Amino acid sequence: MDGFLADLQILAPGLGTALQLAGLSLALAYVLGLVLALLVDARQRVVRIAALVVIEVGRGLPLLVILYLVYRGLPQVGFYLDPMPAAVIAFTWSIGAYASEIMRSSLNAVPPGQREAAAALGLAPRSAYRDILLPQAARIAIPPLMNLAIKAFQLTSLAYTITLSEVMQAAYLRGSVTFEYLRTFVAAAVLYAAVAIVASLLVRRFERRLHRHL
Amino acid sequence: MFQYTGYILAGVVGTVAITVAAFLIGAVLGVPLAVASRSAYRVVRWPAISVIEVFRSVPNLVWLFLVFFGLPEVGIRLGPWATAIITLGVTSSAYLAEIYRGGFSGLGQGQWLASKALGLTTWDRGRYVLAPQLARVVSPTMATYAISLLKESALASTIGVVELTFRGGLVAQRTGDGLTTFVVVGLVYLVLSLPLAYTSRRVDSRLRAKFSVG
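Chains B and R supply the protein sequences, listed in that same order.
For the first sequence, counting from 1, position 115 maps to 115 in the numbering used here; every step adds exactly one.
For the second sequence, counting from 1, position 207 maps to 207 in the numbering used here; every step adds exactly one.
Next comes chain R alone, as it looks inside the complex (with noise of 0.2 Å):
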């Protein structure tokens, strides 16, 4: 089995595109969505709300196939590729939107209401007083649904992605020997997800003492 250890390591582009692509659309969709969701308008309001929780209560694996074997009747069709990083990148939106609700509720009134008196704009204000604040309370836990998102995105492989997991069940097949290969796909996850909880702890004690007052 481990003439194919090569071909299972080459996996990890696809593991680590997927995961980084889809993180980064969740990432931005999720701001928009974050802010309506705590919007003072209700139809602005229940909307966000409304998709936040659909997106996180229908399994992730329900969503791919809905997309890559739904759609297609509707004339929408996506590859495998484009399914696994836009579907997981959508849904990701909505944990990463209650990820900065999470935040903006942590950091309280008082910050939004003191830059008001100082009379900057509103832009200014989320810019330089909200998003750098936001930023420290949120990044651990983003840093956190990285990992799990990484994890999540062996889930590709049940629609044909050629990803790491996917190359490990054609490897399991071909030789016979699933426990062996199993075993060095799953310490690849492992391996794969040290750097992002390094990186984690790094970020958050770096931007703990850029930020940190007295």
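Same shape as in the complex, but just chain B (with noise of 0.2 Å):
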């Protein structure tokens, strides 16, 4: 037990570099999810297709491939990145994509109704948007979004490949020290287990608040 906690001490500041990886990106992938589901609406073709690309391409390669595409990849064309920036570069690639297809469901979830409502009622389009479509919409997209976060803090572990010292790393090294790998990752999955349960009932508990009025 003496072991296992001290693990957990070993395994603690990782926590931190994880929970800033998924902080930072995750910050910046919420901007760029709503930039992209506004692009994906916009008037211009080449707009319209780039932003679908982005997308598409963020959704569908795994974040492993993403991680090495930036990290091994980006060098070769002058850009060398440390292990955390070069994380999150390709963490809001890939939660940003999510991020807009979310929201841009959302959007589209709001009654028809309403839109016409509020051109009916003589609202300029631009508050029609800000005023009426947006906090509907918001409200739909919120719940999804936290367990796009929670997704994210998980996905962290995967920085690992690209040697930045999170849990995993830390893990893996702790292990090749004391050759207790079982009780290391145990230590280690006791940690992501306990942020991603804690995290998804503060989800759910705020999913019925919002709920409470409709």
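Don't take every hint at face value.
Claimed, not checked - If you want the ones that stay clear, here's a sample from chain B, every Cβ over 10 Å from chain R, calculated:
#1 Gly3
#2 Leu15
#3 Gln20
#4 Met168
#5 His211
As the list claims (entries may be wrong) - One side only, chain R facing chain B, incomplete, derived with CB under 10 Å:
#6 Leu71
#7 Glu73
#8 Val138
#9 Ile147
#10 Ser157
#11 Gln173
#12 Gly186
#13 Leu190
Unchecked claim - Derived SDA-like pairs: lysine to any residue, alpha-carbon spacing no greater than 25 Å straight-line:
#14 Lys151(B) to Leu24(R)
#15 Lys151(B) to Phe55(R)
#16 Lys116(R) to Arg45(R)
#17 Lys151(B) to Ile159(R)
#18 Lys151(B) to Leu187(R)
#19 Lys151(B) to Pro140(R)
#20 Lys151(B) to Tyr95(R)
#21 Lys151(B) to Lys116(R)
#22 Lys151(B) to Pro132(R)
#23 Lys151(B) to Arg101(R)
#24 Lys151(B) to Ser148(R)
#25 Lys151(B) to Ile25(R)
#26 Lys151(B) to Ser193(R)
#27 Lys151(B) to Val138(R)
#28 Lys116(R) to Pro132(R)
#29 Lys151(B) to Leu196(R)
#30 Lys151(B) to Val54(B)
#31 Lys151(B) to Glu101(B)
#32 Lys151(B) to Val31(R)
#33 Lys151(B) to Thr144(R)
#34 Lys151(B) to Leu34(B)
#35 Lys151(B) to Ser50(R)
#36 Lys151(B) to Glu53(R)
#37 Lys151(B) to Ile86(R)
#38 Lys151(B) to Arg42(R)
Honestly, the hints are just simulated from the structure, not real lab data.
Note that the coordinates shown come from a computational prediction; the quantities given were computed from them, not determined experimentally.
Glycine included, every Cβ here is placed at the ideal spot set by N, Cα and C.
Join the two chains, each given in its own frame, into one complex according to the hints.
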């Protein structure tokens, strides 16, 4: 048991790095997602297609391949990135693509009557968007976007493959010293599960609150 | 780098084999898990729900390392291929059980009660009343899950399974051309997910045609 607690202590700083990576890339991914969601409906064909390609590639490639593309591929065209910025770029791309899909379908899920009613009331398109459509779409989009955040946190374990010192790397190094791989990886699993389970309980609670007045 | 394209493409076999095998294991094991998680008995329901939650809250990479590096300490030694297939298969059962559960609750009690009133045995009710309707409801979601499993299979490369991503890594190392290599690898994943997306839409519309009432 002492060994297990020592493992947890050694892995804890890695958890900080993982949360940092998840937080940073989520903040960027939500912005990217909103931009992509709006660009997909753009009037110019070129813009529309470009946005779709960014989304489909971001969702269609394994995150591991995107990580390698950024960390091992970009140096060839002169971009040398440290593990953390490389991971943030790869995560932002992948998570942003998923976020844009969630935002797009949430915007589409607002009943068409709302848009028509706003037009009938003589609201300017800009105001209809900001005051009528976006608030309702946000209510639909927030729970899945929060679940996406949990997924992003779990995926930080992949950054181990590009030598970021997060939980998995700490666990692997610890295991190679003590040869107690089982104990150490169980400790890693407990850390991930603790964060993920607490977070998903919070999401569920928040979801209930969102729907309280509906 | 392009003289290695054939070498990379040969990895398709491994990637598809892992995806298909893990999906089948998950689809089968997910059924009892889903049924148990909806049981009327708390002693059956709680363990099943806990198993589903724990499998889903720990990242797949952690499971892979736990099984590959940890389990040999307690005498369970699996090769890289077996580890990848069994681990991804078992964790998939939790994700698929959740999909089945969603399908169950979408069906409503009426079907189950009506078939009981008609005097069908429990087995016949499951086989002829619930299963066909469930298949229609859950098959698109299952296909979406299969696509994400295809991408998850890239994780197997981290424990030395020689599939698509692993081969890409080797070629990148050997040629020093990580950019082109991982672009090619990424394209292969995109192409592989296309037929799955196509089949899901086809199965969806065929099942809809077959079962739609009125």
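Going through the hints against the structure:
1. In this structure Gly3(B) is separated from chain R by more than 10 Å, as the shortest Cβ-Cβ distance comes to about 13 Å.
2. The non-interface label for Leu15(B) is consistent with chain R: the shortest C-beta to C-beta separation is roughly 13 Å, beyond 10 Å.
3. Its beta-carbon lying about 17 Å from the closest one in chain R, Gln20(B) satisfies the requirement of being farther than 10 Å from that chain.
4. The claim that Met168(B) is not at the interface with chain R is violated, since a C-beta of that chain comes within 10 Å of its own (minimum 6 Å).
5. Here His211(B) stays apart from chain R, with its beta-carbon at least about 17 Å from theirs, past the 10 Å limit.
6. Hint on Leu71(R) holds. Least Cβ distance to chain B is approximately 7 Å, under the 10 Å limit.
7. At a threshold of 10 Å, the smallest CB-CB gap from Glu73(R) to chain B is about 5 Å, leaving the interface hint in force.
8. Taking 10 Å as the C-beta contact cut-off toward chain B, the hint placing Val138(R) at the interface is violated, the least distance being around 19 Å.
9. At its closest, the beta carbon of Ile147(R) sits 8 Å from a beta carbon of chain B; the interface hint therefore holds under the 10 Å criterion.
10. Annotation: Ser157(R) was flagged as interfacial toward chain B, and the flag holds, the nearest CB pair being 7 Å apart, inside 10 Å.
11. This hint holds: Gln173(R) has a C-beta 9 Å from the nearest C-beta of chain B, less than the 10 Å allowed.
12. Of the supplied interface hints, the one on Gly186(R) holds, with its beta-carbon coming within about 5 Å of a beta-carbon of chain B, less than 10 Å.
13. Residue-level restraint check for Leu190(R) holds (minimum Cβ-Cβ distance to chain B is 5 Å; threshold 10 Å).
14. Among the hinted pairs, Lys151(B) with Leu24(R) is consistent with the structure: their alpha-carbon atoms are about 23 Å apart, no more than 25 Å.
15. With a C-alpha separation of about 13 Å, the suggested pair Lys151(B) and Phe55(R) falls inside the 25 Å cut-off, and the hint holds.
16. A C-alpha spacing of about 23 Å is found between Lys116(R) and Arg45(R), which places the hinted pair at or below 25 Å, so the restraint holds.
17. Annotation: proposed proximity of Lys151(B) to Ile159(R) holds, straight-line Cα distance about 22 Å (limit 25 Å).
18. The hinted pair formed by Lys151(B) and Leu187(R) meets the criterion: a straight-line CA distance of about 24 Å does not exceed 25 Å.
19. Taking the CA atoms of Lys151(B) and Pro140(R), the gap is about 21 Å. The hint holds against a cut of 25 Å.
20. Only pairs whose Cα atoms come within 25 Å are accepted, and Lys151(B) paired with Tyr95(R) is accepted, the gap being roughly 13 Å.
21. Under the criterion of a C-alpha separation no larger than 25 Å, the hint pairing Lys151(B) with Lys116(R) is inconsistent with the structure, at around 41 Å.
22. Distance restraint check for Lys151(B) and Pro132(R): the Cα-Cα separation of roughly 32 Å exceeds the 25 Å cut-off, and the hinted pair is therefore not satisfied.
23. For the hint pairing Lys151(B) with Arg101(R), the CA-to-CA distance comes to about 20 Å; that is within 25 Å, so the pair holds.
24. Note on Lys151(B) and Ser148(R): the hinted pairing holds, with a Cα-Cα distance of about 13 Å set against a maximum of 25 Å.
25. Restraint check for Lys151(B) and Ile25(R): the C-alpha separation of about 23 Å stays at or below 25 Å, so the hint holds.
26. At roughly 21 Å between alpha-carbon atoms, Lys151(B) and Ser193(R) fall within 25 Å of each other, so this suggested pair holds.
27. A threshold of 25 Å between alpha carbons decides the hint, and for Lys151(B) with Val138(R) the separation of about 22 Å falls inside it, so the pair holds.
28. A hinted pair counts as satisfied when its Cα atoms are at most 25 Å apart, and Lys116(R) with Pro132(R) qualifies at roughly 16 Å.
29. Restraint check for Lys151(B) and Leu196(R): the C-alpha separation of about 23 Å stays at or below 25 Å, so the hint holds.
30. With a C-alpha separation of about 20 Å, the suggested pairing of Lys151(B) with Val54(B) holds against the 25 Å cut-off.
31. For the hint pairing Lys151(B) with Glu101(B), the CA-to-CA distance comes to about 15 Å; that is within 25 Å, so the pair holds.
32. Note on Lys151(B) and Val31(R): the hinted pairing holds, with a Cα-Cα distance of about 24 Å set against a maximum of 25 Å.
33. Distance hint between Lys151(B) and Thr144(R) is fulfilled; the C-alpha atoms sit about 16 Å from each other, no more than 25 Å.
34. Restraint check for Lys151(B) and Leu34(B): the C-alpha separation of about 19 Å stays at or below 25 Å, so the hint holds.
35. Only pairs whose Cα atoms come within 25 Å are accepted, and Lys151(B) paired with Ser50(R) is accepted, the gap being roughly 18 Å.
36. Distance hint between Lys151(B) and Glu53(R) is fulfilled; the C-alpha atoms sit about 13 Å from each other, no more than 25 Å.
37. As the CA atoms of Lys151(B) and Ile86(R) are separated by approximately 22 Å, the hinted pair is consistent with the 25 Å bound.
38. A hinted pair counts as satisfied when its Cα atoms are at most 25 Å apart, and Lys151(B) with Arg42(R) does not qualify at roughly 29 Å.
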